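As a plain string of letters, each chain reads:
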Amino acid sequence: MTMANVWNQLLPAALVGVERQSFMPPIVDGDIGTLIRTIESEDAVAAKKLLRIAGVLSICLEAGAHGVAAVANASTLAGAESRPSVIDTADIALVDWALRDGPLRLQHEVFATLAAIGFRLPYACLPLALDVASRSVALRPALQSVLGERGHWLAQQNEAWRFASGSAETLDVDSQWMEGNLEQRVKLLLDERAINPAHARERLMKILPELPARERLELVQTLATNLSAADAALLETLLTDRSRDVRQLAVMLLVRLPDCAHTVRAIVRIKPLLRQERKLLRSRWMIDAPAAAGDDWKAAGIEGERAKNESLGERGWWLYQLVRQIPLNWWNSETGMDANALIKWALDSDWAEALIRAWRDILMAEINIAWADALIEQWPTKLLHDAPATLLAKMPFAKREHFLQHDLEQRGAATLSSVLSQTLIACPLNEYFSEKFSASLMKTALEALRDKKLQSDYWLRGQLPELFCAVNSAALSAAINMQSTEDDPTAVVETFYSIEKIVRARLALRTLKARHANAADSNLSRSNPT
Amino acid sequence: MPLTPDQVLALAPDAASAKAARGLVTPSQWPTLGANEKAVWGECQGSGAKPYQTQVDQDGPTFKCSCPSRKFPCKHGLALLLMYADNAARFNNTEAPLWVSEWLNTRSEKAQKKEEKQRTDAAKPVDPEAVERSAAQRWSRIENAAADLQRWLCDQIDRGLGGLTAQHRPEWETIAARLVDAQAPGLASRVREAAGDLGNRALPAETLLRQLGTLQLVCDAIAQRAHIPTDALADLRTFVGWPFERADVIAVAVPVMDRWLVIGQISEERDGKLTERRVWLHGERTKRRALLLDHSFGGKGFERAWVNGTAVETALAFFPGAAALRALAVSTEYQISPATFPITDLPSEWQCVAQRVAACPWVPLHPMLCCDAIAMQIDGGLYLYAAGERLPLSVGEANLWPLLTLSGGHPINVMGEWDGQALRALAAEGRDGTWQRNDL
Numbered sequence: 001m002t003m004a005n006v007w008n009q010l011l012p013a014a015l016v017g018v019e020r021q022s023f024m025p026p027i028v029d030g031d032i033g034t035l036i037r038t039i040e041s042e043d044a045v046a047a048k049k050l051l052r053i054a055g056v057l058s059i060c061l062e063a064g065a066h067g068v069a070a071v072a073n074a075s076t077l078a079g080a081e082s083r084p085s086v087i088d089t090a091d092i093a094l095v096d097w098a099l100r101d102g103p104l105r106l107q108h109e110v111f112a113t114l115a116a117i118g119f120r121l122p123y124a125c126l127p128l129a130l131d132v133a134s135r136s137v138a139l140r141p142a143l144q145s146v147l148g149e150r151g152h153w154l155a156q157q158n159e160a161w162r163f164a165s166g167s168a169e170t171l172d173v174d175s176q177w178m179e180g181n182l183e184q185r186v187k188l189l190l191d192e193r194a195i196n197p198a199h200a201r202e203r204l205m206k207i208l209p210e211l212p213a214r215e216r217l218e219l220v221q222t223l224a225t226n227l228s229a230a231d232a233a234l235l236e237t238l239l240t241d242r243s244r245d246v247r248q249l250a251v252m253l254l255v256r257l258p259d260c261a262h263t264v265r266a267i268v269r270i271k272p273l274l275r276q277e278r279k280l281l282r283s284r285w286m287i288d289a290p291a292a293a294g295d296d297w298k299a300a301g302i303e304g305e306r307a308k309n310e311s312l313g314e315r316g317w318w319l320y321q322l323v324r325q326i327p328l329n330w331w332n333s334e335t336g337m338d339a340n341a342l343i344k345w346a347l348d349s350d351w352a353e354a355l356i357r358a359w360r361d362i363l364m365a366e367i368n369i370a371w372a373d374a375l376i377e378q379w380p381t382k383l384l385h386d387a388p389a390t391l392l393a394k395m396p397f398a399k400r401e402h403f404l405q406h407d408l409e410q411r412g413a414a415t416l417s418s419v420l421s422q423t424l425i426a427c428p429l430n431e432y433f434s435e436k437f438s439a440s441l442m443k444t445a446l447e448a449l450r451d452k453k454l455q456s457d458y459w460l461r462g463q464l465p466e467l468f469c470a471v472n473s474a475a476l477s478a479a480i481n482m483q484s485t486e487d488d489p490t491a492v493v494e495t496f497y498s499i500e501k502i503v504r505a506r507l508a509l510r511t512l513k514a515r516h517a518n519a520a521d522s523n524l525s526r527s528n529p530t
Numbered sequence: 001m002p003l004t005p006d007q008v009l010a011l012a013p014d015a016a017s018a019k020a021a022r023g024l025v026t027p028s029q030w031p032t033l034g035a036n037e038k039a040v041w042g043e044c045q046g047s048g049a050k051p052y053q054t055q056v057d058q059d060g061p062t063f064k065c066s067c068p069s070r071k072f073p074c075k076h077g078l079a080l081l082l083m084y085a086d087n088a089a090r091f092n093n094t095e096a097p098l099w100v101s102e103w104l105n106t107r108s109e110k111a112q113k114k115e116e117k118q119r120t121d122a123a124k125p126v127d128p129e130a131v132e133r134s135a136a137q138r139w140s141r142i143e144n145a146a147a148d149l150q151r152w153l154c155d156q157i158d159r160g161l162g163g164l165t166a167q168h169r170p171e172w173e174t175i176a177a178r179l180v181d182a183q184a185p186g187l188a189s190r191v192r193e194a195a196g197d198l199g200n201r202a203l204p205a206e207t208l209l210r211q212l213g214t215l216q217l218v219c220d221a222i223a224q225r226a227h228i229p230t231d232a233l234a235d236l237r238t239f240v241g242w243p244f245e246r247a248d249v250i251a252v253a254v255p256v257m258d259r260w261l262v263i264g265q266i267s268e269e270r271d272g273k274l275t276e277r278r279v280w281l282h283g284e285r286t287k288r289r290a291l292l293l294d295h296s297f298g299g300k301g302f303e304r305a306w307v308n309g310t311a312v313e314t315a316l317a318f319f320p321g322a323a324a325l326r327a328l329a330v331s332t333e334y335q336i337s338p339a340t341f342p343i344t345d346l347p348s349e350w351q352c353v354a355q356r357v358a359a360c361p362w363v364p365l366h367p368m369l370c371c372d373a374i375a376m377q378i379d380g381g382l383y384l385y386a387a388g389e390r391l392p393l394s395v396g397e398a399n400l401w402p403l404l405t406l407s408g409g410h411p412i413n414v415m416g417e418w419d420g421q422a423l424r425a426l427a428a429e430g431r432d433g434t435w436q437r438n439d440l
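From first to last, the protein sequence lines are chains A and B.
Take the first sequence: its position 521, counting from 1, is numbered 521 in this note's numbering, and each next residue is one higher.
Take the second sequence: its position 418, counting from 1, is numbered 418 in this note's numbering, and each next residue is one higher.
If we strip away everything but chain A, and leave its shape as in the complex, we get (with noise of 0.2 Å):
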């Protein structure tokens, strides 16, 4: 008998008890065997004998233990790093702190700096950065460059990671394509669509059959990217796709080329919805809802039933599924208003918020400047539940700053919480405001914190440390010596801890990337003399 079955002779009596059956002690040879006949042969109750052979060869099995005989699988390695890594202790211990406690702004800075420069996490940062992508969509696609082969090769490991366990960063882009994951996909699609576009549909339209919903979504959005006439076709089938999101997406592409047939047949689908009236020397534009559905609105991706918590009635809805489809600049020409008065028209009609809804998703999917300059300045808050800083995002910069600048300068410090809130949406997470604009941002929070705004403002000290991971890091040095005082409560001085601990991590992540650039230059300058 062999050691690892000694307990199947003992384990019947021992479980059942041997009042009620007897045991065999089981059969060894050597030494062990010898002892264990010793304590079956001596004068002793039979629980007694049971527990001292249980006893000897717990022992025994002890004093000769070893592991099972396997051998582990070596396709599982994590492959060579192609990419350094932040290898000063410093800046280790600021990524740390950014990853564990710092704002999501910073911690995208911190992901993108290295992903720009060349550079990787370092690898005690890897479980921390992957809980955080975990946990926050918006800095997958940024962390995914930055993870190296190691932190590809940890996602792996962890079911809650599998988002970022993707291919090799050295297959070739076919390989990449096939093993990749979906943020590895969108940005190869992103990356093809720059230069082939016509390739990358080519590409995308072999898979999407394939695809759960949430990914067709992430790949056909990459459409945008280059858009053009070409890709009406693929996106006309699009209008009928079981998801609902997808249905949409498409129809907020197709919106963007006039030309193509679906925005010619949504055209005729919504002039006779539109007429002038005459009222004595005047002449005024009216709109009506639809009275019925349409028998091709569900191939033109227009849905007939309302969501259960649409504010909308019936044809308000309708109306507003079908001015979605219809270019913004169509209604310029076609009542020969400016954006202005359109807004202004629009909000006085019966039809407001069916018109201005839809106008508002139009500018989001696209933006025309002149027609979000209208609806920013009549922002109808009763009719838009968010707030303008969401279009205003994706304004050109100059734009956006002009109005938050403005908006600083009038409401300022009575209401900063509330500007802030606005500037911050105003900032997507991977764009920085202007020196000009950061240092008057500066100027205003650096106020704030010394006029003890902080003590009564829940608000505002949540917003400050995220301001100043949104600020251009050259606005940054006048913060640098910025300290509590020993009265602050410990609210307050976690708040001043946080924005110093913000300020040096973006100093240092620019110092790197600054390192870096002269590294590159030098080394430029070494291969070209000249």
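No lab work stands behind these hints, which were simulated from the structure alone.
Please note that the accuracy of each hint is not assured.
Taking CB as the label site, the calculated pair distances span [as the list claims (entries may be wrong)]:
1) A:His199 x B:Lys19: 46 to 52 Å
2) A:Asp88 x B:Ile378: 36 to 42 Å
3) B:Pro392 x A:Arg20: 32 to 38 Å
Below, in silico cross-link-like pairs of lysine-lysine (BS3-like), each with a Cα-Cα straight-line distance of 30 Å or less [to be verified]:
4) B:Lys110 x B:Lys124
5) A:Lys399 x A:Lys308
6) B:Lys19 x A:Lys453
7) B:Lys113 x B:Lys19
8) A:Lys443 x A:Lys453
9) B:Lys38 x B:Lys113
10) A:Lys382 x A:Lys436
11) A:Lys452 x B:Lys50
12) A:Lys452 x B:Lys19
13) A:Lys453 x B:Lys50
14) A:Lys394 x A:Lys443
15) B:Lys124 x B:Lys38
Predicted model only: the values in this text are computed from it and were never measured.
Virtual Cβ for every residue (Gly too), placed ideally from N, Cα, C.
Position chain B relative to chain A; hints supplied.
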């Protein structure tokens, strides 16, 4: 020797202290920062008018702070070392201020007095008859308790273990309490440990039988104690929960001088506020392994910190017993230097386990070094592959990912505690760095 940030954080008494320390790593909060080869010191602006004076004796490290925190080391001490690890150049290399030098002198005087006291105590005449009488009384109580335990064990086997569930734990708890009353807390712990496994269907069927069988042999050994060798008797005494006094150990042990490599350590909570710390050492010259076992109550911390990846030139006094693992550091001076992982092979490690068990069957944990080992997750289980063998590996969720990151599927050197069923990893070293268990 300057510590790395990870090594500093490993000294924190709990997670809250580590987090609070990270929050204090702001030079602006420290108007004074200084360091020399003996100590690191700084003044931290707290909520009071007077800054806290924080100092760390690098020979240890050992902490002192004027803050009112009961935790040891406090967040200020940890933050000070974190800043020093981050950028030592930020610290003025000057002569220590009075409040630092006085403390260092006091420490040095205390250490000398302690050493003298130990020598005096050892030389002090004791009444051997009184000692023997007291020991005999305690053995007598233990013998009676062991006899009761033995009868109770037989009752369990008579009735059968199959029907035992978690509902039977109170009865087992009563037995354990009686053993504590009889001054045999070690036996009580074993009974409680077995009671904790009642009704746990995830364990192999023989687990409970093995635990009770071992207790039976301990009862037999106690009954036969007059006939067993001195070393085995010392092991038995330790097992039943009657540890040797430090002074007694120092008095009888022959100090073993070596360059002791700190190969791994773990701090665990025991019975509420009691923290048990096990530091495992490997003698570079003697190739001996040693365990420094310490306890602290209420987060007060330990007198002295041991840092993984360092080597300490010092003398150890080993506790009596054939297992010869537990030891005390008896030197007053320690020379600390960086160290690399000792390299061994798995068959030799198993041989050490076998020899140790043969010498003393009651050793609960064996230090093991697995070199060139690969940590892998398979079907939700974690394993260590080394020398053609697979061992169950336990690290805990928080430690798992940093360990796997270090490995990346490549071989690493792992140090852990073998408990007879699985290896609990405490430290590791790979080509890309080191890892140490952090249970905060």
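Verification of the hints:
1. A:His199 x B:Lys19: 46 to 52 Å: 51 Å, holds
2. A:Asp88 x B:Ile378: 36 to 42 Å: With Cβ atoms ~37 Å apart, the hint holds.
3. B:Pro392 x A:Arg20: 32 to 38 Å: 34 Å, holds
4. B:Lys110 x B:Lys124: OK: lysine 110 of chain B and lysine 124 of chain B at ~20 Å, within 30 Å.
5. A:Lys399 x A:Lys308: 37 Å, violated
6. B:Lys19 x A:Lys453: Judged against 30 Å, a Cα distance of about 27 Å means the pair holds.
7. B:Lys113 x B:Lys19: Violated. Lysine 113 of chain B to lysine 19 of chain B sits at ~37 Å, over the 30 Å cutoff.
8. A:Lys443 x A:Lys453: 14 Å, holds
9. B:Lys38 x B:Lys113: It holds: about 20 Å lies between the C-alpha atoms, which stays within 30 Å.
10. A:Lys382 x A:Lys436: Between lysine 382 of chain A and lysine 436 of chain A the Cα gap is close to 34 Å, so the pair fails against 30 Å, i.e. violated.
11. A:Lys452 x B:Lys50: 23 Å, holds
12. A:Lys452 x B:Lys19: Within the cut-off at roughly 26 Å; holds.
13. A:Lys453 x B:Lys50: Given that 30 Å is the threshold and the Cα spacing comes to 26 Å, the pair holds.
14. A:Lys394 x A:Lys443: 25 Å, holds
15. B:Lys124 x B:Lys38: 35 Å, violated
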